[in-house]
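> Letter by letter, the chains look like this.
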Amino acid sequence: MQTPARFDYERATSLQGAIASLKEHEDSRIIAGGHSLLPMMKLRLASPTRLIDINDLTDLQYIREEGDEIAIGALTRHVELLKSELLAEHFPLFKDAELVIADPVVRNRGTIGGSLCQADAAEDLSAVCAAVKATVVITGADGTRTVPMDQFHLGPWTTAVGEGEILTEVRIAKRPGGGSAHEKVERRAGDWAIAAASAAVWIDGGVITDAGIALSAVGLTTIDLTRAEELLRGQPPSEELFEQAGAIASEDCMPIPDSRGPVDYKRHLAGVLTKRALRKATARALS
Amino acid sequence: MTAVGDRPIGFGPLKRKEDARFIRGKGNYLDDIRLPGMVHMAILRSPFAHAKINSIDTSAALALPGVAAVITAKDLETLGLAWMPTISYDTQAVLAGDKVRFQGQEVAAVIAIDEYIARDALQLIDVDYEPLPAVVNARKALDEDAPLIRDDKDGQLDNLASPTWEAGDEESTDKAFAEADTIVSRDIIYPRCHPAPLETCGMIADFNPETGQLDLYNGNQAPHAHRTVYAHVAGLAEHMIRIKCNDIGGGFGNKVPVYPGYVCAIAGSIVAGVPVKWIEDRSENLMSTGFARDYIMKSDICAKDGKITGLRVDVIADHGAFDSTAQPTKFPAGFFHIVCGSYDLQASHVKVKAVYTNKAPGGVAYRCSFRITEAVYLVERMVEALALEMHIDPIDLRMQSFIGTEQFPYETTTGWTYDSGDYHKTMRVAMDIAGYEDLRQEQEEKRARGELMGIGISFFTEGVGAGPRKHMDILGLAMNDGADLRVHPSGKAVVSLSAQTQGQGHETTFAQIVAEELGIPPEDVEVRHGDTDKSPYGLGTYGSRSTPVSGAAVAVVSRKVRDKARAIAAQMLETRPEDLAWEKGRWYVKGDPSVGATIFDITERAYSGDSLPEGMEGGLDAQVIYDPPNLTYPYGAYIAVVDVDPETAHVTVRRFIAVDDCGVRINPMIVDGQIHGGLAEGVGIALMEVITFDEEGNCLNGSFMDYLIPTALECPDFELGATVTPCPHHPLGAKGVGESPNVGSPPAIVNAVIDALQPLGVNHVDMPCTPARVWAAMQGNAAPPQ
Amino acid sequence: MNISININGETVTRDVEPRTLLVHFIRDTPGLTGTHWGCDTSNCGACVVQMDGQPLKSCTALAAMCEGHEIRTVEALEVDGKLDPIQQGFHEKHALQCGFCTPGMLMTTRALLDENPDPTEAEIRMAISGSICRCTGYQNIVAAVRWAAENAEAEVQS
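Protein chains in written order, with full-length UniProt numbering: chain A, 1 to 287; chain B, 1 to 786; chain C, 1 to 158.
No wet-lab data here; the hints were simulated from the structure. One thing to keep in mind: the hints can contain errors.
To be verified - Chain A is faced by these chain B residues, among others (derived, beta-carbon under 8 Å):
id	residue
1	116
2	120
3	123
4	688
Cβ coordinates follow ideal geometry from the N, Cα and C atoms, glycine included.
For reference, chain A alone in the conformation it holds in the complex (with noise of 0.2 Å):
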């Protein structure tokens, strides 16, 4: 069996002890559910000088509503995503997502903060977050500070959190008039997405007031579809619209072939995926 170069190992008390360790450590890695990193440390792509488990923070094990806010720990898990009464009701593509990331004893395991930090462009949640417009509080030793997702990524397992900050929450305004989904093509259950679209819209009067559009695995990261988010809004959700706006998706993706597809294809999925999902948000909001 691969087995993981040697490290150091502290269990954090506190989430600013652990950013001080963060800080005190160089090449320390954070682990929570460690379904992303142990691997890549049994392959030996990864080798951290020292893990830092944040597991006791139960702290930030929570989803819950503050004010006009749904806000989510980043210790919680993809089985309480999944099974969020709360997050069902507002935003229901979380749980489309998450019944079909990875696997149910995974998803006991995985964290949304951990899924974010990964910043792998094939993870789901990534696009489930940025369609609903989400931000991300993170942490450091000075305090917190707040990004928009669509600001979070910034190029291939690179995101806005620093040196010796920890992502702590995600944040997702409730707006009247929403509905979401989540759509994904994989080649068997469990593996990541050929291609994933994510979408949401409001919608107010017959009128879409606002959409948000993102696509999983078919760019360096995450996808922000703004040119077809500015196409919905203002106008009344229709089948030529989504295929409109699919064929923007197509456009806009910039896919890299592997062995889930070709080019032609993820466009192709890119495409199909955005209107699927953005014809189950509108039923949803108007439902």
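The hints should help you fit chains B and C onto chain A, whose structure is shown.
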């Protein structure tokens, strides 16, 4: 099942005896074994597909605390173990010395106090490689400018792995094609896939320098044959080698060959003087151990007057860097020439050319009897293509062309003698379970709505149970199996086998055979296997040969005991043996059934101080070596129903109907379980399992993240049916079955996908039918896998 | 580092490297070799144990991360010579062949039944979708879980 008293005996769905330990977590698999003083081995593997090795510096690894030894080809040369024979009379480097010939090839072995440190040490070995151009595409392996892979072999000037081999008759085949009214041609590829048993391969070698005894713990499918090979390779006395298999976490052909890691572990134990454990990780398993298939086939099929008449196949077989395919000596392409399938053909001709490439060696079965899977896939895809061309229902074409029941035993145009069958009946049973007419109706309605639903057929004939010693051997060893039966004074029995279970349920099935033949309840029959010191010689379990060969051996040895019991009973009943008749567990006087002796009465007598018939020895034991007179030929009719998403091209197997005829079923529950498992593998091969390489020869499917095995969500609830046409030459009328579902299911699924895509005019798609590949076919751009 | 983990109700203490994987800790220290491993990438599920009642892939957890938690392995299913209904179900329905995936499957489906005593076939298939079985095609595993659901209180014998 019948009964002695109130206890069930004999054939039937008996629950498995071996379950008791497995459901408690008390199985004893290789990695569960810990020996005193045991150290661990890890193997450094080549990152390149083809490269010259300029130097290997092991000093930093050796200096790491906890490292006991680092072995390279140089060290093995001094032991004469640098190269080893393959099971196809080729040689394979145990550790690469001159150059590496595939990515993942063994370069050095580290022995350390634990596996973590052994792996740390691998990172400290410095190998200076000089990359060479790699041969990745088998079609280009014989090009004039192709780099020579096997420059180690004297006189090897190109990448041809074995001479072109032919079966059937070219001239009469040409004639059949000249007379035909329809001809269809296709390129059919069976891509490289991998058996990937859930437990990887490994070895614990324990050499005792004082006694010269070598104990090997190793989950393999043919322990006796392995022992003979080690005796030859290592120059050790065969009787001083003992192989213990214990429990094996699946094999499917992957645990047939001898791997370089095994030889390294043996060398390590000889050098270190302590037991050495080596267990490969999953990437090593997928990237270096025996793959399956990789057959590139060009075929023509023809028909006349609505009936299939001829078949032609030209194959390039990709054997990787070393020819270590598993097949009997006389058959360099295995049993591929069973390619005429279930049809009464006028003529057929097969040509196979094997080449070396810079890929992992193998070509072992993946749950298949020596290339029959490739043959069945070929013929069933070609028949489907022909039906498409002829615009007739694919079942009608098959029904028109099947070998008739009255034609058995049937000699095929490539030289096989099929034993028995009623193909029409089995096909009809499958159609009934499927509701075939209704399915076609549903399909028509769906097509009208733009939905893509497909129905795919496969009808296979397998040849399993290798094999008759006059035709078949591996490395000169006849493919026979032994059985040793000892009935103890209390009436309990022990039967020892040379077959080697990897999950097939031998401890139950073989006890049932003894029970059926002797009337001793199966719970009183202990089945022993997996220890070369305690079992008779034989060639093991693969190619669905356990029941056809070992099962027959157990039946015959039981009958031998029963004959002896008859003589004893005659003396006890004061009559002549020929005046006695047998019913389960009892000899009785013909004409007076109330007078008889049970097997338990007879056993007591055999061991007692009472007299025995003149010249007879005491006890009730027997031993046999069984030489099968022919293969057994199981067959089956499979129907797959798939839905293809018209937009995403994602394929769902909605229904799968499998009607198998494997002759008499000893334990129908176990047979059904085997079929379920093989069908799941077929779903995997048809839809997702594939090993591919990039242009430099890098393996792209080296972990379970990319070598995809179907989960419970991709497998439908399989719908099974059975017909029973006994095998005329097997003592129990049984045929093998383990591999049938893997052999028969991929063409049914692929045919179903193509059927679904008929509205788009698609007439071909290669496996695996991934969403991307199916979508490409829908766009008219189907490209074969590389 | 010194690590103590409650495994099957007993505290197991051992000095190990921080990098020691839970699966190795379980197999090496108390010698509970019923927990297997089959891949390196958290895909196969052969290593599934329960941590605080939830299925966990023990190849993808450091032993150090599990200190203070309760680990339950296949060896704890049988109590006082009485098989758990899920064990009996696997035997009744022929839900195992080579037996290598069985401990992980048992611990996964035991947890499913604890949470959902009457799961549908679809729920069972989803619950075991992170575990690979190479032998059974899953059909009899589904049947075994249904058997255990229907015989939750059954008197089962060892």
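> Run every hint past the structure and note whether it holds.
Comparing the hints with the structure gives:
Among the interface hints, the one on residue 116 of chain B holds; its C-beta lies about 5 Å from the nearest C-beta in chain A, closer than the 8 Å criterion. Proximity of residue 120 of chain B to chain A holds as hinted, the smallest CB-CB distance being about 7 Å (cut-off 8 Å). Contact between residue 123 of chain B and chain A, as hinted, is supported at the beta carbon level, the nearest pair being about 7 Å apart and thus within 8 Å. Annotation: residue 688 of chain B was flagged as interfacial toward chain A, and the flag holds, the nearest CB pair being 5 Å apart, inside 8 Å.
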